[in-house]
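Asks: Each chain is listed here by its residues.
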Amino acid sequence: MVVVSVEGLSKAYGRHRAVDDVSFEVQDREVLGLLGPNGSGKTTILRILTGYLQPSAGTVRIDGIDVVRDGRAARARIGYVPENAPLYGHMRVNEFLDFMGRLHGLPEAALRRGMAEARRRLALDAVAETPIGRLSRGYRQRVAIAQAVLHGPRLLILDEPTNGLDPRQVIELRGLLRDMARDCAVLVTSHILAEMERVADRVAILLDGRLLTVQRIGQRRQRIGLRLRAPAAQAAAVAQALGAVPGLLGLAAEPEAEPGLAAWRLEAEDAAAAGRIAARLHGLGLASLEPLDAPSDLETLFLRLTASKAIH
Amino acid sequence: MTRFLALAEKETRALFASPIAYAVIAVFLLLNGYTFAVTLFLTKQATLAHIFFQAAVQLILLVPLVTMRQFAEERRGGTLELLLTAPVHEAEIVLAKFAASMLLLLAMIAGTLVYALILGRFGAPDWGPVYSGYLGLLLLGAALVAIGLAVSALASNQIVAAVVSLGLFGLLWAIDSWAAVLPAPADNWVLGLSLLARFTPFAVGAMYLSDFGFFLVLALLGLFLTVRALVRR
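Protein sequences appear in the order of chains E and C.
Each residue of the first sequence is one higher than the last, beginning at 1 in our numbering.
Each residue of the second sequence is one higher than the last, beginning at 1 in our numbering.
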């Protein structure tokens, strides 16, 4: 079921087109990532979706409701976490959630239920009576998300939610987003590729306000790149030993600086295959196998798309 | 209505949680109390007219301090985006801030009711000018708050908002002094625009519908401009 439908969306500031003819859809229970470098129009698109900015052209519908013509009804279906999680520092967490719930018109019983549920999901019970200004960045981000899910939105929008979080908080946030996507559609922006691969079902790539492609993130194969160095004299033995290892996807000779040595680049299907390769080489008395950081599919795609656009 | 009440409660708490509110109330009451006491001992007249004029000038100086942060601060902190992306109308946000600021002004002005009580207890004041004076202060206050909010909604920095409001108020207060040097129709226009010329009848016990309407129109214009400033973002 389509929750968000964006058609031919444009936003112009004078002659500059911040968003240029962008169309996409977000399904229920799907995480769509908007990916692009800074200034590519991600935040502008989110601000149009949330009714903060008016589009110059095109339509946006949330659950079939036009965000321009019936803004209040559309906004009531959205939970929004703006960039850098703006909050009222002088309010206590409970006080703030209560205020935001009432701002969304929740009746008393639903408000209590929503607040209890949001505090539980985001593990905020311990800080419920703490002034927001005294919370850490990670907690503030969670309060901002709690505020956005209080009223049971059909669409949850997060703008650069991993900004300023430490690695552990980033991992927690990933889990949270997957959890949220069980009840609604999630739209999340980032300029970090690796983040998107881990959290999104599909990724829309933006550059200079234009949508370049929308890609489904496939079954994320844990391919492992390896580099092997061995005495040049053993090259034939290596080739033979690795000839029939299941899960070895590629073997290519690489330049090697040190005289008397040869190098190969290998790609293993997964960790088990890498183990089998290491075992074969061990049989030959070779152990100089090192892992490589292989560029991901998304990374390759992103570089290819943004490079070709940059030339034209 | 729930939404407006939530907003009004939040604004009132925010205003009264800041030390600005108490500093403003304290200075206002201290200065007026001093003038009231000294004048009473010197003149022995049961009147509040001089207090009303002094309070009006103080409103011009203090209201910018009350309204300056209202939108400028929300814009700087990014919380304006939270408010504007919630399912509320811009007018509800503006009216909530107006209501909270007026509550603060009411608290300030209510403090001066003690002077009226003292006059009533120990003398026989003419109550007409007292009533009209208080009405005039409230109307003037409403107009100043509404204009101050509009300036705050347009400015990105609270100090700029305060200075511009102060400038506008000062200009509007004393613009009648230009009447003496301007030719025939224009002198009446500037008199009609002057906050001082409009306020004076209230302070001395004369109420004209046109003065009443002037302050009301000014307040509505200010609120309208504030809403427009928010819509056109």
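Honestly, the hints are just simulated from the structure, not real lab data.
Each hint should be verified, as a subset may be incorrect.
[Stated by the list, open to error] Not close to chain C: a few residues of chain E, all C-beta gaps over 10 Å, as computed:
#, residue
1, Pro37
2, Ser56
3, Pro86
4, Gly275
[Stated by the list, open to error] Covered by chain E, according to a simulated footprint, are these stretches of chain C (three or more residues, beta-carbon under 8 Å):
#, stretch
5, 39 to 47
6, 80 to 94
[Unchecked claim] Pairwise CB distance ranges (calculated):
#, chain 1, residue 1, chain 2, residue 2, range
7, E, Ala12, C, Val57, 44 to 52 Å
8, E, Ala109, C, Leu209, 31 to 39 Å
9, E, Arg210, C, Ala174, 54 to 62 Å
10, C, Arg228, E, Arg174, 41 to 49 Å
11, E, Gly14, C, Arg13, 37 to 45 Å
12, C, Arg13, E, Leu303, 45 to 53 Å
13, E, Leu303, C, Arg76, 35 to 43 Å
The beta carbon of each residue, even a glycine, is placed where N, CA and C say it ideally should be.
Asks: Against this structure, judge whether each hint is valid.
Replies: Outcome of the hint check:
Distance to chain C confirms Pro37(E) as a non-interface residue, since its nearest Cβ pair spans about 22 Å, more than 10 Å. Every Cβ of chain C is farther than 10 Å from the Cβ of Ser56(E); the closest lies at roughly 14 Å, confirming the non-interface assignment. Consistency note on Pro86(E): stated as away from chain C, yet its beta-carbon is not over 10 Å from all of that chain's, at 3 Å minimum. Once the 10 Å rule is applied to beta carbons, Gly275(E) is consistent with being away from chain C; the minimum gap is 50 Å.
Three residues within the 8 Å Cβ limit are the bar, and the stretch 39 to 47 of chain C against chain E gives 0, so the coverage statement is violated. Under a criterion of three residues with beta carbons nearer than 8 Å to beta carbons of chain E, the stated coverage of the stretch 80 to 94 of chain C is upheld, 9 such residues being counted. Taking 44 to 52 Å as the suggested C-beta distance range, the pair Ala12(E) and Val57(C) conforms, at roughly 48 Å. About 49 Å separates the C-beta atoms of Ala109(E) and Leu209(C), a value inconsistent with the hinted range of 31 to 39 Å.
At about 56 Å, the beta-carbon gap between Arg210(E) and Ala174(C) stays in the expected band of 54 to 62 Å. Taking the beta carbon of each, Arg228(C) and Arg174(E) are about 42 Å apart, inside 41 to 49 Å as hinted. The hinted window of 37 to 45 Å between Gly14(E) and Arg13(C) holds, with their beta carbons roughly 40 Å apart. Distance hint check for Arg13(C) and Leu303(E): the Cβ-Cβ separation is about 51 Å, which falls inside the suggested range of 45 to 53 Å.
For Leu303(E) paired with Arg76(C), a C-beta distance near 37 Å keeps the hint of 35 to 43 Å intact.
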